[in-house]
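Asks: Residues per chain, in single letters:
2 protein chains.
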Amino acid sequence: MKTAILSVGTEILFGQIVNTNTTYLSQELQNLGYDVMYHYTVGDNPHRLKEIIGHIFQECDIILTTGGLGPTQDDLTKEMVCEAMNDVLVENKDELAKIELYFKQTGRTMPPNNIKQAYLPSRAAVLENDNGTAPGFILEDNGKTIICMPGPPNEMKRMFERKVRPILEERSDASLYYRIVRTTGIGESQLETDLLDLIDGQTDPTLATYAKDGEALVRIASKRKTKEEAVAAVDAMLEKVKARIGQYIYSCDDSPLTDVVANKLLTHNISISCAESCTGGLFAAALTEYPGISAVFDRGLVTYSNRAKVDELGVSEETLLRFGAVSHETASEMAAGLAQKTGSDICVSVTGIAGPDGGTEEKPVGLVYIGISYKVGGIYRTETTELSTKRPDRDKNRKRSLLAMFDCVNRAIDKMI
Amino acid sequence: MKTAILSVGTEILFGQIVNTNTTYLSQELQNLGYDVMYHYTVGDNPHRLKEIIGHIFQECDIILTTGGLGPTQDDLTKEMVCEAMNDVLVENKDELAKIELYFKQTGRTMPPNNIKQAYLPSRAAVLENDNGTAPGFILEDNGKTIICMPGPPNEMKRMFERKVRPILEERSDASLYYRIVRTTGIGESQLETDLLDLIDGQTDPTLATYAKDGEALVRIASKRKTKEEAVAAVDAMLEKVKARIGQYIYSCDDSPLTDVVANKLLTHNISISCAESCTGGLFAAALTEYPGISAVFDRGLVTYSNRAKVDELGVSEETLLRFGAVSHETASEMAAGLAQKTGSDICVSVTGIAGPDGGTEEKPVGLVYIGISYKVGGIYRTETTELSTKRPDRDKNRKRSLLAMFDCVNRAIDKMI
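These protein sequence lines are chains D and P, in that order.
Be aware that the first sequence starts at 1, since it is given in my numbering, and climbs by one per residue.
Be aware that the second sequence starts at 1, since it is given in my numbering, and climbs by one per residue.
No wet-lab data here; the hints were simulated from the structure.
Wrong hints could be hidden among the right ones.
If chains are identical, the list can't say which one is meant, so a pair holds when it fits in one copy or spans any two.
Simulated crosslink set (EDC-like; lysine to aspartate or glutamate; CA at most 20 Å straight-line) [what the hints assert, rightly or not]:
no., residue 1, residue 2
1, Lys-116, Glu-192
2, Lys-2, Asp-259
3, Lys-116, Asp-194
4, Lys-390, Glu-289
5, Lys-50, Asp-395
6, Lys-212, Glu-155
7, Lys-104, Asp-393
8, Lys-157, Asp-393
9, Lys-223, Asp-253
10, Lys-223, Glu-11
11, Lys-396, Glu-161
12, Lys-264, Glu-289
13, Lys-399, Glu-289
14, Lys-116, Glu-161
15, Lys-390, Asp-130
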């Protein structure tokens, strides 16, 4: 069924809030097998609100709205929905009693303008609000359906989960299932080239590649009569994708690389420490986002100055002089020195030139070395990797380096387990 | 001028990404004095894309689009803009050369489909992309203007800032000027109370308070005929605001606290090191975002385990046993130990329970101690601060702690200079 999401609120048009409601509803509708054709946002303006509802219904069957159900004068969604759907607002005694009770329970006096929230379209089915005072509703007219929910995300989500989703599930004539396949070491263009015949032949399942934060992803989606059929179709296609680009794939369920690595470390009880220069603590910060990681993460050293590299990691002054701080040799000594100091099963290091300045012809901005010492059979192996982005973007260089560190750790774990 | 923002991309309709581009552009357009009437999102569908452009131009004068300029087959924005604006795509030799150079510089072979990105509407003014391969453009037809930019936020923002904003500034018939005043140590509610009569009496300049990432901010804005008039009105109001809440203000130009601190450290050549537990490297990572900070940042230690706190910082086993890792005493010894080890002018430490688990009745999740040792007249002073959020949200607790660390450092610097 063709669906659109309409957000109502001047604060969204002003850019004062990020429209996360629409993202949430889009995901939910997709997963329920509904086609989301459009997102619209309009301010608290009666004329434009009414006009846009009419316009959307020219093509779509269902509109989900959020916002504009509040008690103030500029909350006009209900009024305009009535005009567009040939209905009138009437007082709903049950809802009025609930709103009065809500204020009583929270120990406040109900301001008179909250009475407005108990007025609902006469033919509407009420959607109770468990998290606030504004009820939502579903109204149908002439084969078209509008579902109106409040704007505050916690109220909207609760209402959607408890009242709206069951109704939409029942009405859906299809089930959509998808997997996001995540990769490292390959760009989006190359990924598309490798999968082009599968993408071009797409009817169902469909394949799409896209780029996100320096990674190339593949989305495999199928829409079938039942969930089982959709899952089977996606999984069969996933096998074909793996046969083509398997060596680049690190997760098939949209898990980020940090989670994949943290999870493996915890599962196999592999301890880890890190020594960072150009990433300045990003690796440690990303790893420690994961709850419970303290069981395996011993310590991180951000050895920004040369002196810190010598003091903390035992990098030799001679190595720094002869090869420079940004070199295979320094990265290797950083990792090995950290291993000697901590005894962690994996010690990963990074040193590079993040930019935007500080590069030379020989060692340009974006040149990065990653070192890793990891225990196999009780003995440390130490390896280094060179990375070169040749870009002056400090932020991107740091994030690329971070991703490459996690990639090195992930590949090391696979050799250890 | 009536403006609309049109986002193009099936991944947005699928809810795979949050549409932050639209939020950013809405804020920018508001600030430039443009009225944003609508937000629209449509998928990579030629028919609907063309239809919606025509529909928007019935009411609006300017459309800003993001997305659909990529090299793949489903990127169709340019084609449909040409159809809607009566133009044709032609190869742009300059842009083709740039794209070829971009691939050469990054050491990759250009896939043939990237040639598509060098095709632009024949009458368009090109907007160069400093962060990627897809150029944007401005095209006018019959009094209507469309401005097309790429979808990746870092490419879009750079293009908007450098190429689009100056053009829109020149065309705007009003001048809006604003300042964002940033504070620490005061909540939004209290801030509003302190400024209530200034906020209520608002016509121009207007005052608004809002909360963002744990900080309370004040926006002072004025829309006048000339920029000079708007600046004068805002600055006069800023003085009144300072008289009320001056002690909480740390920047009047929306500079984040990290930048304020990094800038002061560099200006006054104050060296710094940090020892982090619960923030896990966030402080070091945030500080090293600042280009050139290596001149003053010596090192960071992420002493996650107790053993690391003892080994690296000389925290005594007895302190850990008697007071626990999360205590005034441990925070103090971490900072003092780091000072002894590094001799940095400022050594800041943090230890706490980020959650979601790991709390006790005595030491609940969200309890955090910050230690700071800083040199005044060649002698270290050591101070500690307790912070308590009482929330199970790991991410929020880490970010609150980070902000409080920067606040401590900022206040220490003010005593040192």
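Asks: A separate judgement is required for each hint: does it hold in the structure or not?
Replies: Here's how the hints hold up against the structure:
With identical chains, the CA atoms of Lys-116 and Glu-192 are at most 20 Å apart between copies only, with a shortest distance of 15 Å across copies and 52 Å within one. Taking the shortest alpha-carbon separations for Lys-2 and Asp-259, neither the intra-copy value of 35 Å nor the inter-copy value of 45 Å comes in at or below 20 Å. For a Cα distance limit of 20 Å, the shortest separation of Lys-116 from Asp-194 across copies, 19 Å, qualifies, whereas the shortest one inside one copy, 57 Å, does not. For a Cα distance limit of 20 Å, the shortest separation of Lys-390 from Glu-289 across copies, 18 Å, qualifies, whereas the shortest one inside one copy, 29 Å, does not.
In this homomeric assembly, Lys-50 and Asp-395 never come within 20 Å of each other (Cα to Cα): the closest approach is 42 Å inside a single copy and 36 Å across copies. With identical chains, the CA atoms of Lys-212 and Glu-155 are at most 20 Å apart between copies only, with a shortest distance of 13 Å across copies and 24 Å within one. In this assembly of identical chains, the alpha carbons of Lys-104 and Asp-393 lie at most 20 Å apart only when taken from different copies (17 Å versus 45 Å within one copy). For the homomeric pair Lys-157 and Asp-393, the shortest alpha-carbon distance between copies (14 Å) is at most 20 Å, but the shortest distance inside one copy (30 Å) is not.
In this assembly of identical chains, Lys-223 and Asp-253 lie within 20 Å of each other by CA distance solely inside one copy; the values are 17 Å within and 49 Å between copies. In this assembly of identical chains, the alpha carbons of Lys-223 and Glu-11 lie at most 20 Å apart only when taken from different copies (16 Å versus 36 Å within one copy). Taking identical chains as interchangeable, the C-alpha atoms of Lys-396 and Glu-161 lie at most 20 Å apart only when they sit on different chains, with a minimum of 18 Å there against 30 Å within one chain. Taking the closest pair of Cα atoms, Lys-264 and Glu-289 come within 20 Å of each other only inside a single copy of the chain (15 Å); across copies the shortest separation is 29 Å, beyond that limit.
Within a single copy, Lys-399 and Glu-289 get their C-alpha atoms as close as 16 Å, and across copies as close as 11 Å, so both meet the 20 Å cut-off. In this assembly of identical chains, the alpha carbons of Lys-116 and Glu-161 never lie at most 20 Å apart, being 25 Å within a copy and 43 Å across copies at closest. Taking the closest pair of Cα atoms, Lys-390 and Asp-130 come within 20 Å of each other only across two copies (14 Å); inside a single copy the shortest separation is 44 Å, beyond that limit.
In this structure, the hints that do not hold are numbers 2, 5 and 14, in rising order.
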